[in-house]
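**Student:** Residues per chain, in single letters:
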Amino acid sequence: MKQVILAAHFPGVNNHTVWSDPASGSQIDFASFTHLARTAERGRFDFFFLVDGQRLREQRGKIHDLDVVGRPDSLTVLSGLAAVTDHLGLAGTINATFNEPYELARKLATLDHLSGGRAGWNVVTSSDAFTGENFRRGGFLEHAQRYERAEEFVRTVNELWDSWAAEDLVADPSAGTFARADAGEFAHRGTHFDIGGHFTVPRSPQGRPLTIQAGDSEGGRAFAAATADAIFSRHSRLQEGQAFYRDIKSRLAAHGRSPDSLKILPGVTFALGDTDAEAQENADHIRRQQVSPQTAILLLEQLWNRDLSAYDPEGPLPEIDPDVSEDSIIKGRTRMYRDPLKAAAEWRALAESKKLGIRDLIIEVTGRQSFIGSPSRVAEEINEFVQGDASDGFILVPHLTPGGLDAFVDTVVPLLQERGVFRAEYETTTLRGHLGLESER
Amino acid sequence: MSAVPLHLTVALDGAGWHPAAWRDPAASPKALFTAAYWAALVAEAEHGLLDFVTIEDSLALQTTRLDGHDGRTDQVRGRLDAVLVASRIAPLTSRIGLVPTVTTTHTEPFHVASSIATLDYVSSGRAGWRAQISGRHTEAAHFGRREVPELRPENLADIDKAPLVRELFGDAADAVEAVRRLWDSWEDDAVIRDVATGRFVDRDRLHYVDFEGEHFTVKGPSIVPRPPQGQPLVTALAHARLPYEFAARGADVVYVTPHDTEQVRAIVGEVREIAGEVRDPDAGELKVFADLVVFLGEDGDEARGRRARLDELDGAAYTSDAAIFTGTPGELADLLLEWRAAGLEGFRLRPAVLPTDLNAITRGLVPELQGRGAFRRAYEADTLRGHLHLPRPASRYAGSRR
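First to last, the protein sequences are chains A and B.
Residues 1 to 441 (this note's numbering) are what the first sequence spells out, left to right.
Residues 1001 to 1402 (this note's numbering) are what the second sequence spells out, left to right.
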């Protein structure tokens, strides 16, 4: 039987993170990160996962103020977490567009040293000039160039990591040799990066920290199949998950890779209860907290691409059609609807047939709780996904900081362990080891 | 006895500041890239009640050449990222300040602001930043976005006049200003969690910093809420008028490198004069610390013998930009008090060998200074600014509403 991979996502910027609940704690204090990471380690999770954002979102030209906003620098927090955990992998989303390969390779290799081989990064790129306003360069790439630059970025970072062989660090006082003469030497002459010299970080425990990829487009899939160790995917329904899984795994052979060398990990949410009915009640409660009346209007505006602040959240949908012009009402976040007119027509039909006001409709159409049920049902479904090759495991996105994973670890994890599909104890000390991937020595 | 206790910090770098330190019998050269090594050093410094430690960094391998790679295999080569080292140590310590070096030249001020603010969160208010320029051709070649000529001795004869150096310090001043604005860009009470209006944050208490410099612009606000200290400590090492001006404009602490008491007076006088001209009066007084490399021994001969043996191993007599002290902790205490009387507030000691000279500082020098009433006997504050008696500043944007 396949073993389930589990990662814990620290909940943050978006309306899925519930901050209004009395159980919601600080989004920024290190104690919150410590709590979630230690809970994940108590549950023998494979890794902890942080996402990224380099500019505060704006909607209608104003800073978005309804959702959790603000977060720490990923790698700095992960390095702190290395001190309060022993086995848990530590992965962060890093935007390659707003970083330089030399600096980022140093930081990731440093984290790998300081955590004893537990570092990972989720490579994302941006063509977002709005975010680019915070940086010297970047944000000005053509969309088509994103994966090309990202591919070269990852290749360059790997070259830097490979520039020290494990034997290059000699550190022998009696021989008087600290490091070999050519340790760290590299030269990368490419389209996007033309750099050369010497890298400062000796070969790290994993050799190469884990590389994770998101991205569902053809370019994203090709990039992941060529370079990634894991994919953070969006397909959290069984059949579409299986189709994605087949597609990605079938691409690996062309790169000389085995199907096991790339792990597919959808990001998923969950709602638990003692019984399935209680879990459904919890799920409904969470949804209402996630979609406040004000949030309902804001989410509606993201489809309509218009100012709808005058509308009643309990009232009917606007009769006016969405604005389909290029200019987006929201900045710092991708527009989510490819065909707004079609989507609006579907929403109207749904609201009409179920007699839903704006907020209830938004709750209905933006809901994406993946697993709702008693611990035994959730354990069953998770295992079904993995054994059915719809994924290799999951990145769990709790809705609460910092206690959102507690119940899952206390109730679902033991059931997965009983089934023999999830480790009872860590068997390795590195992130690659946990995922059954070989270290790149 | 003197009224104001002095401030004491140590500069951590590799196996110590002597190039052959890693070959000392007490050194752990194989451990230099492990968390345990750094944790033990910083724990020792905290045990000695030091104000803070600095952690050196660079974006190129260490070299004996002014610029370029020297290919030597008999000295420590390789470094970890200093911010991440500091963050890794932060949860293992509770009082000591953590001041990593980060260059202003090839980094993004937005990232620097985020990472130091985050270090302040991870350490609950103990973060600082040693802002440094990177003038080397080799470092620029690692980034490939800026042409920098190779540094030569003749370029440095009068660094205040070298155009590249002026440009780099101009850039550094812009970086510090942008970073400081980003730290202020969230007012302290910006997170409101107001269920009635559905608002997590009060957007009127978030501010665009709109920094525009010659080489970069930053829009803001920060992605990190205002850090616990409000403004983490900014420090800089300076040897000449131009960097003194940079420090006087942007730093809280400047490290200078006098070689005798007369130079202490002259340099402190020059720094104070420059600060009087260029420093914002609201920024508070700039603290002046002196850097000293130290070889310590229970008797002076022991320290001198150790230094001589290391020099022999390295094949050259050790030299430094800073004065090199060799002697007993008692003699060092005499020197520090004499220099303090000449105008300094504190010292950044560079241990020649780790952990040997660090241990001599915490277990020899510190008790010696305590005995003379010149150093704290217990930490009196929880934050780095607190150790230095610096108030927590209000955000420059507080009260202004967009």
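Keep in mind that the hints are not guaranteed to be accurate.
[Claimed, not checked] Stretch by stretch, here's where chain B covers chain A in the computed footprint (C-beta under 8 Å, at least three residues): (1) 66-73; (2) 78-84; (3) 257-267; (4) 361-375; (5) 406-413.
Worth flagging that the hints you see were computed from the coordinates, not collected in a lab.
Ideal Cβ placement from N, Cα and C applies to all residues, glycine included.
**Student:** Evaluate each hint against the coordinates.
**Tutor:** Here is how each hint holds up against the structure:
1. Check result for the segment 66-73 of chain A against chain B: holds, 8 residues qualifying (beta carbon to beta carbon below 8 Å, three or more required).
2. Coverage of the segment 78-84 of chain A by chain B holds in this model, with 5 residues showing a Cβ closer than 8 Å to a Cβ of that chain against a need of three.
3. By the rule of at least three residues with a Cβ nearer than 8 Å to a Cβ of chain B, the coverage given for the segment 257-267 of chain A is violated, with 0 such residues.
4. With 0 residues having a Cβ less than 8 Å from any Cβ of chain B, the segment 361-375 of chain A misses the three-residue criterion, and the hint is violated.
5. Under the rule that three or more residues need a Cβ within less than 8 Å of chain B, the assignment of the segment 406-413 of chain A is violated, with 0 such residues.
Of the hints listed earlier, those the structure fails to meet are numbers 3, 4, 5, in rising order.
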